[in-house]
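Could you build all of it, start to finish, from the sequences and the hints given here?
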Amino acid sequence: MSVTLVKERYSSKVGEVVLGATPEQGGTRTATVTVGGDSALPFLHFEGQMPNRPVIAMEVTDVVPAWNEMITKQIGDVINDPAAWAKKCVDEFGADLIYLKFDGADPEGENRSPEDCARIVKEVLAAVGVPIIVEGCDDSAKNNEVITAIAEAAAGENLLIGIAEQDNYKSIAAAAMVHKHTLIARSPLDINICKQLNILINEMGLPLNKIIIDPTVAGLGFGIEYVYSIMERARLGALANDKMLSMPIICTVGYEANRCKEAYASEEEFPGWGGLEDRGVLWEAVTASGVLQVGASILVMRNPTAVRLVQKNIADLMSK
Amino acid sequence: MALTGLEIYKQLPKKNCGECGVPTCLAFAMALASGKAALDACPHVTEAAREALDSASAPPIKAIKFGKDSVLGDETVLFRHDKTFYHPTTLLIYVSDSLSDDELKAKLQEIKGLEFERVGLQYTIDGVAVVNDSNDAAQFAKVAATVAESTDISLLLLSDNPEAVKAALTPLVARKPLIGAATTENYEAMVNLAKENSVPVIIRAEGLDALNDLVEKATALGYKEFVLDPGSRTTVETLANLTHLRRLAIKKKFRPFGYPVIAFTNNTEPLEEIMEATVYVAKYASAVVLKTSVKAHVLPLMTLRQNIYTDPQKPIQVEPTLHSVGNVNENSPLYITTNFSLTYYSVEGEVETSKIPSYILPIDTDGTSVLTAYAAGKFEPEKIAEAMVACGIADKVKHRNVIIPGYVAVVSGKLAEVSGWKVIVGPRESSGIVSFSKSLS
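Each protein sequence line maps, in turn, to chains A and B. The first sequence begins at 969 in the working numbering and counts up by one. The second sequence begins at 85 in the working numbering and counts up by one.
Hints may contain errors.
[Unchecked claim] Output of the computed footprint for chain B on chain A, the stretches with three or more beta carbons under 8 Å from beta carbons of chain B: (1) 971-978; (2) 1010-1022; (3) 1043-1053; (4) 1185-1191; (5) 1194-1200.
What the hints contain is simulated information worked out from the structure, not anything from laboratory work. The C-beta atom is built at its ideal place from N, Cα and C for all residues, glycine as well.
Right, dumping it as structure tokens:
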């Protein structure tokens, strides 16, 4: 006897957002990347479409990062050179996008000038053909200066720039509008602030298809369940036609997972946790897998081995 | 089809005797409707009413117990934010009966090592799946006996040959293993074997239609202790099947699928296998059989399981007592935070990174974060001062400086007054602790 399955019929879907711009579109990318467009819960191909598979952006920093050796040894010498590093991520590790983070712009660190940051963005744009995500530093005033300079220098490239937050979104949203970029709107693990911020940015005149949500992920074992449920609720909201929750979601998985002690503490220090090499890889990859199950569209990752695993997991889940 | 609380209420005796443990029949009806009570609790219900209510009153997914405290199923929602998930996915390690004696010994040794402690929580592997790859009944029974002797965790005895399962099961009935699998070909023998020995049995068929038919046939044998296996072995198909089974059980109270589901991984490369298993842990498998038993592989999966099965309404808390990080001494700084485990462990991690031995005193805020606790009046200066006295910090350090989270800077005046300590306002986010700590000396 055949069983009548429950197939949900949703009234709407996740919005589609295009990243990057080809020469015809005013940029220099060899191809654009489209994210979102899902009309069902993640990977449930039997009841809706998932026209664009989730993509992986690999993280590149302007200064040599203090990441654990398990990761830096895979990146190798190019870690001193953002352009060469980005190229290696695309050519060797199969990154769909590059996520360029200007930790060096922080006034408490190297205090790199906005002009110098813009120069590095141009170099990375010249080195790779994939679209680029750019975030500044944690100092919000400096971040505004840096991102404004970068947005102007790379006008028309349709970068994904970040980050706009509830108490600091106006100048960066304006930069995205004027210079034709897409914006990351970050909310601190709070679905109401997430929605509110999207409304505020949209009211400034940035269209909804130029916004990507960053719900602030948490690493495996350190609160991933919070972002898991917020993202699941946001996805159900998007499918139920809540336009202000319908943007694709970016998750800074590499940053969060590698802050967890389990991702970097040696086996000598914690014999009960097993070998660091595989543990570190899985800590990042399983964090990614967790958010993929609730609708992540862009995963920002660090460890090339973890990237390979997540690529395989996505391929497994996208096969029909 | 599910009945509403009022529909159920009409069938109840309306005595409001309270003998079911709920004060009124209406309240009991509501509990039945939400699947959180069983009709058996009512001593006065009529046979006719029992008949009518039977399907509505049973929980949507039957709880199946086996082995050492393993409970499968008994879930009531599709999304953890709707309420919570109750019974964390049971993880079983695949042990083939084709292993040589030495390989078996090594594998069992590795399985014994699967006990972890992190952030104050204990994780242990739940069980072993002994698999009859040899197709030899005697060999299967021998390996099952060796496994049972080596560990007291739960057992799954897996073979398509009922004779092999019987040989392995008979000496191990007291361990109450899960057995399987009953298939279209062998179901009568397999289900009867389970029934005679009062152990649960896996019902396996290729696809949901075939599974439905087989469950109906197995039920007709007068047994209901089932675990379902829809037979799919690719990640995407298994995800679809797990979702269909859970939805039909919860949303339609479709009885043939009102049982827990077991998933088997297909990937053979261990890290890829763990990635596949994360999908099943997140999406509705009550049990997963894993081939890898390497510590570094199993810990991340168990951590994800622990996270997803955390009750969203009951935040995990740490002991609100004085904690020390590193080799503390009389000059060690004192940080105040809350006892919400996520807040506490974020602070602890950063304090550790600062490499300055320090004390951390989490205040009992019922497991809420700093801002939430303050808004709810659970992070008051008097309460902080009391906790400082109670933990005896004054005898442990010679300074009188206390660091409070930047978000509650507003309490610093009052706290200084009631505690007599100098109050230093720390960073708002734990991520600021490392640079803040440099300013301390």
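Hints and how they fare:
no., hint, in the structure
1, 971-978, "holds (count 3)"
2, 1010-1022, "holds (count 4)"
3, 1043-1053, "violated (count 0)"
4, 1185-1191, "holds (count 5)"
5, 1194-1200, "holds (count 4)"
Violated hint for the displayed structure: number 3, the only one.
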